[in-house]
Amino acid sequence: MNCALSGEIASDPVISPRSGAIFERLLVEKYVSSSGTDPITDEPLSVDDLIPVNVQSAKYVAPKPPAFNSIPSMLSTFQNEWDSLALEVFTLRKQLHKSREELSAALYHQDAAVRVAARAIKERDEAKQALQELSIAIGTSGSGSATSPVIDSNGKEKHSDGQVENAMAPPAELISKARESLFLLHKSQKPSLPVASNQQISIKFNSSISSHPFKKVSASYYNSKSSTLVLGSSTGAIALIRLDDNNSLVKYSKSAHKGMDVGSILMIQYEEEIQPIVSHLNGAIIIGDNLTKFPRTDGDKLAISSLIRHPSVETLFIIVYENGSWSLNDSSKLQTLYKNSSTIAGSVTSSDIHVDGALLALGNNLGEILIFDLATGSSISSIKSQYQNISSIKFAMNGYWLLVASASESESSSLEVFDLRKEPVSIHSIEFTNKIVDFFIDPSSTVIITLDSSDSLSLHRYTKKGKVWSDRAFSIEVDTALHGLQLVTSAETAGFKESGEVKFVGVGQNSSVLEYQLEYSS
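The opening residue of the sequence shown carries number 1384 in the numbering used here; numbering runs sequentially from there.
Calculated from the structure, these hints are not laboratory results.
From a predicted model like this one, the values you see are computed outputs, not experimental measurements.
Glycine included, every Cβ here is placed at the ideal spot set by N, Cα and C.
Honestly, I wouldn't trust all of these hints.
For lysine-lysine, the following DSS-like pairs were computed, each having C-alpha atoms within a straight-line distance of at most 25 Å [to be verified]:
(1) K1767 to K1570
(2) K1716 to K1608
(3) K1599 to K1886
(4) K1505 to K1599
(5) K1886 to K1573
Pairwise CB distance ranges, derived in the manner of DEER restraints [what the hints assert, rightly or not]:
(6) E1506 to D1627: 34 to 42 Å
(7) R1502 to I1657: 35 to 43 Å
(8) H1595 to I1810: 37 to 45 Å
(9) S1636 to D1838: 27 to 35 Å
(10) A1496 to K1850: 28 to 36 Å
(11) D1466 to T1420: 36 to 44 Å
(12) S1594 to A1496: 53 to 61 Å
Sequences are here, hints too, so could you generate the full structure?
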């Protein structure tokens, strides 16, 4: 009778009524006294519960088998035991090796997770630092050619025509909140194209969309929320084209100012609907189908350069005047929230708002770009372009590039890319022998499409790895004379998120609309 604890033959065996196992009395009594449970089942057990076993020793003990008295047999037995031990050691070593591999893999995954987290934290800190450097650099730069507004004896701003501007402060809280939400949105998106550096990108013509609603286009604008392209004509009429599966003309409106060109056109929220807003060359600003006139603080006396919509506040838009003054306006209240009456030398020829909605850039016909802080209304930086006649300026989606197209008197032109993170400096320039009509940069800020006066579409590419520019990586000729380009795809477009689809339209001077998209080689 072998003891269940020691494995040896019990000299004074007892049985546990809980497990039915046999134990050496001395060993089990010590165990039960200390734990109060059965060693096998852990059930409650006392010393008194143990049942003794009466074992009567035989008077004569039988001798061991002859095999155990033979030295060769004993050596064979020892050899078998040794072999068993060797096999057991081998098995243990094999299990140890497997455990080490599993531990190594687990440590590798843990280390990789730590590196990913550290990289994310580093990118966050770099983005914060870049934003701080951008703010500091812009804030400490010169004010360019902006002239101070005239101040009267009462301390109020005075217009050149003698009118006194009401003391209005910019809606700083509205601008700041919108900027914070847009910054977080753009930081989370990280748009990119699904193409390697050695793959080619080309421009593919898809189809002709519109049916020529009028003879001559004077302005165009695309609203991504409603997928609607708005065209303004030389007669003052406007047309709305829905760029969806049908690509249909959904609305055509005649103007209250017949024969007056549409100077600039947008789509903003008015009366809880997204409606077009139009500025005419006579200074009138008209909103919606009811032809509601937006009241201007200057009485329609100043010539308008452009209308600009805020990226996220759908009722907020900017009126930029040719003399360099500008105003923040609320379409829902038909009210001017703030008017900046400072003027600049020359005439404003182009303007754009930063993707975070906090900066306004104005370019004039003297080769100067001024950047304003919308939250304070102050001019915070100035940039000089290569040529005098600035035709277009646009902020890139990455938040720190400003693209400037300018032309010389001899029609040669240049597209410059300025980095705003430090002192604004041109990091790249693309030269043209013809005038740049229009351009745009895709949501990933790696592809620029230009349209020049020879009706040529050119693709220029930036590879982040190595910071390499490839100018005119692809070009095609357009049969129709184009008035401008409109980027249809945004970082939030489903096709761009899923497959990197980038679509844009070319608006013909005859109001035709041609759809193109980027094509990636396999």
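Quiz item: What are the numbers of the hints the structure violates, in ascending order?
Solution: Of the numbered hints given earlier, those the structure breaks are 1 and 4, listed in rising order.
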